[in-house]
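Listed here are the chains, written in short residue letters.
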Amino acid sequence: MKKLLTLIFLFLSFNVQGQFFKDLYKELFKYSTIYVAGDIKNSYQEPVKDYFVRTNPDGGLYDIPEVVDGTEYHEFDYRYGIGIRKLARFDYEIKDKHYYDGSEKNTGLSAPTSAVKGLEYVFHFEKERERGEMFENHRYFLRHTGKHHIVKLESRAKGNVDFKYKSAEIRGRVPIGKKLSFSAGAIYRSHQKPYGYNPIEIWLNETDENGNAVNPWYTLGFDYGYDDHFVTIEYQGSTLYDWYWTDPDGNVVAHTDLEFRENVFTDLMNRYNQEIWSELDAFGVLSPIIGMDFIHYKDKFWLHFYANYLPPFHKYVQGDEDFSYLNRNNWGVGGLMDGSEHEQWDDYQAGIIMGWKLNKSIGLFIEGEYTKFWDSEIYNSSIGLNVTLR
Amino acid sequence: MRLWILVLLLPFSLLLNAQSFKEDISVVQYSAPFTSDSEISLKPFNDYNIYNFCITEKGDIFKKEKIKFLPTVILYNNGKEIIRVESDITLSLPENCKDTILQHIDKLIESKF
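Note that the protein sequences, when read in sequence, are chains A and B. The working numbering numbers the first residue of the first sequence as 1 and each following residue consecutively. The working numbering numbers the first residue of the second sequence as 1001 and each following residue consecutively.
Keep in mind that the hints were calculated from the coordinates and are not lab data. All of these numbers come straight from a predicted model, not from anything done at the bench. Treat each hint with caution, since some may be false.
What the hints assert, rightly or not - Some chain A residues close to chain B (C-beta under 8 Å, calculated; not the full set):
id, residue
1, Y25
2, K26
3, E27
4, A37
5, K41
6, I82
7, K86
8, R89
9, K117
10, P175
11, F182
Unchecked claim - Simulated pairs of lysine to aspartate or glutamate, EDC-like, Cα-Cα distance not exceeding 16 Å:
id, chain 1, residue 1, chain 2, residue 2
12, A, K300, A, D91
13, B, K1112, A, D91
14, A, K166, A, D281
15, A, K164, A, D281
16, A, K178, B, E1110
17, B, K1098, B, E1039
18, A, K193, A, E275
19, A, K178, B, D1047
20, A, K298, B, D1106
21, A, K117, A, E133
22, B, K1107, A, D91
23, A, K164, A, E154
24, A, K178, B, E1039
25, A, K147, B, E1110
26, A, K117, B, D1106
27, A, K117, B, E1110
28, B, K1098, B, D1047
29, A, K357, A, D299
30, A, K300, B, E1023
31, B, K1022, B, E1039
32, A, K158, A, E201
33, A, K360, A, D320
34, A, K300, B, E1110
35, A, K117, B, D1047
36, A, K117, B, D1037
37, A, K49, A, D63
38, A, K179, B, E1023
39, A, K127, A, D162
40, A, K179, B, E1057
Glycine is no exception: its CB is placed at the ideal position from the N, C-alpha and C atoms.
Next comes chain B alone, as it looks inside the complex (with noise of 0.2 Å):
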């Protein structure tokens, strides 16, 4: 008995500890300390999974996802990449940033349905 406890118990918590930022539905802005004037706020996506990455502490991130523009804004779901919203020259991140993203969301929500 406790063999299959413990042969149901190990892929949970390998998969509890396999988690990732990409899962699910997730909103992920990259930018550094000397763009947070131009991030935008993650409280129109409260709804799924939000994340804020700093270059001086996920660099190794950054450069897995190959951030080459700061801010950028990426839409995963389920660690794929569905959009990458990316600044301009300005440093700033389109006007149109948010309802992209949320039109993209749209799509994916309306897929489940």
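Excised from the complex, chain A in its bound form (with noise of 0.2 Å):
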């Protein structure tokens, strides 16, 4: 009897775990692609090829001299990675290729809400080689959508533009009717950049008591490694006097003090802000988030239509924030300015998609995309008058 009990509360078991992984399965992995995928383009080529000459090594300074090429020449760009999602495209949307390699730009992936309810994930990482340099790039999206709640996770990596974004976001969702609805919430978002903050203008305006430069801006060239070198010229009777400079291993740089200044020592301000900017830990900034989605699909007409709007109570939860995007007007002479208050700010962000078949043989589509966040605005937008001869 005991054993017959065991073996149907085994069976039992069994069946309840084997429906609890269809479950699952079900769940995560249903509709989802597993791609490898990679491509491979001729490199930038610089339009207009670029000479000089060099002096015969056998020879003078007027005997034939040798040309050279000077263009740069960088080996092929390719792009491989590896990655699986399971994203629902929009009615509207079509899919570009028969396969998926990461380079899809689905609206899913902006727009509040989704395609379908439920779990839906992109995960993708990619190495690629642009110019000769090698990169590395992710994104990571995670969602789930119900009728009442919106969960969304992101993390993005862009190597070539050194871009890095982070985000976690939770809402509730009242929908109006099927086509409408509204969402608020709040949204985590990371930045790198200290907007704002530019180090090397405190640096070179930083005064004593007297008024003067505690940092003469030639300075900076002995910070790294550059040393000035005094020189007189005769010349028609007068006695001119500069500085030349010369690099870290003794090479000559510039012949005056202002070739230095208009040359090298532009190179050496930007070093000195991403050395300085580099020392900061990214930012997390923690906002309310409020959101809108209105989608109408009919084969001959469709309208999506989505706004996010973060009004202006952000706190921010990581990162240093004196340097935060609160005190992005706040710098002055010398540093942050006495006194100074933070100031809130306001992001937001729109799309619309629109298609319009007026007859078999003409269609208007428009989509367009805006997003402020910050002091970084990105848009892009585009217009088709389709017409078809028959």
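Dock chain to chain to rebuild the complex, using the hints, since each chain is given by itself in its own frame.
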């Protein structure tokens, strides 16, 4: 009897577990695509070749020189990656190719709501070589949409533009009819850049009690191993003087102070800024978010409009708040201005996709998205009028 | 500015009012009081739009949709009829009615990925 009961229990247990794993598989992986993809293409080529002449090593300055091709050539570009995705397209979206390779741009990644309810995700990682340099990119996206909720996690990195972004959001959702929905909740976003903070400007503008520069501009050159050398030139009875500059290896890089400031110094300023910025941790900001989505789809006319608004109640939860966007206008000579107050801001995003097939021959299509987050403004739009001749 | 807002809102209000029972993925059961025992439960289709229409209340729709047998279950997708499952002479729907509709929904969902 005991054996029989054990067998029945085990059978039921396997059945329950089996159903559980079946449901789990259905929720997690049904309709998902695992892909490995890559591409190879020509690298960027300079539109005009860059030649210079080199003095013939066996002759003098006035012998026939050697013409050298100084154009920068790069090895071919390539990209390879691996990913898994389960992200539904809206009815108006057409699959670009017969396969996925990680380069897809779906509206579902930026619109508040999704084309289907339930779990959606994209996990894509890739390496690419562009103009001879290697970069790593990734996009990790996870969203669960229900009738009354939206939960979304995202992490993106694009190596060739040094772009890194993370976000996490949770919203309540109120559908009004089948086409319109409003949502509200909270979002966490990260940003790398300390907006408004320009370290070199502060460094150069620092003055002592007599109003003299604490850090004369040319001392930045000394800090990076460059050196200046006094030189006098006798010219038509006059004595001219200036400073010529050498790099850390002793090579002459500029024949005058002016030449140094206009060429080498500019690079040093950017280098200094990059070094100071890289010492700062990434920033994380928590914000309220309000969104709306309107979707109407018919074969001959479709309209999808979505918008997100982040009102001015942002709270930094990561990174040094002194360098945050709240102080973007509070930097002055010598650093952060005394008594300055944090300044809030509005962020927003909106997108529209419209298609109208007026008849069998004429179609009008409009797509556009605008995003303003911090100081970054990203927009893209396109319009097309198609007339098919029959 | 006000004019722009009006121009933007006008199409929305028109489209909102143009809602119909065939939007998106919709499962509609056409029935009558005397066939209520033969109806199927639309609970398995809860993730989609579901409607139960009674001939005594929505007679015009029955006529427009050319409903000949009661009950009838029709799956629509964005205004298009995908499949129609009709009852037989005994006024009962086929046993596989639910599975048939779910299979077609599955195909519709799969085409989105």
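Give me the numbers of the hints this structure contradicts, sorted from smallest to largest. 1, 2, 3, 4, 5, 6, 10, 11, 16, 20, 21, 24, 25, 31, 32, 33, 34, 36, 37, 40
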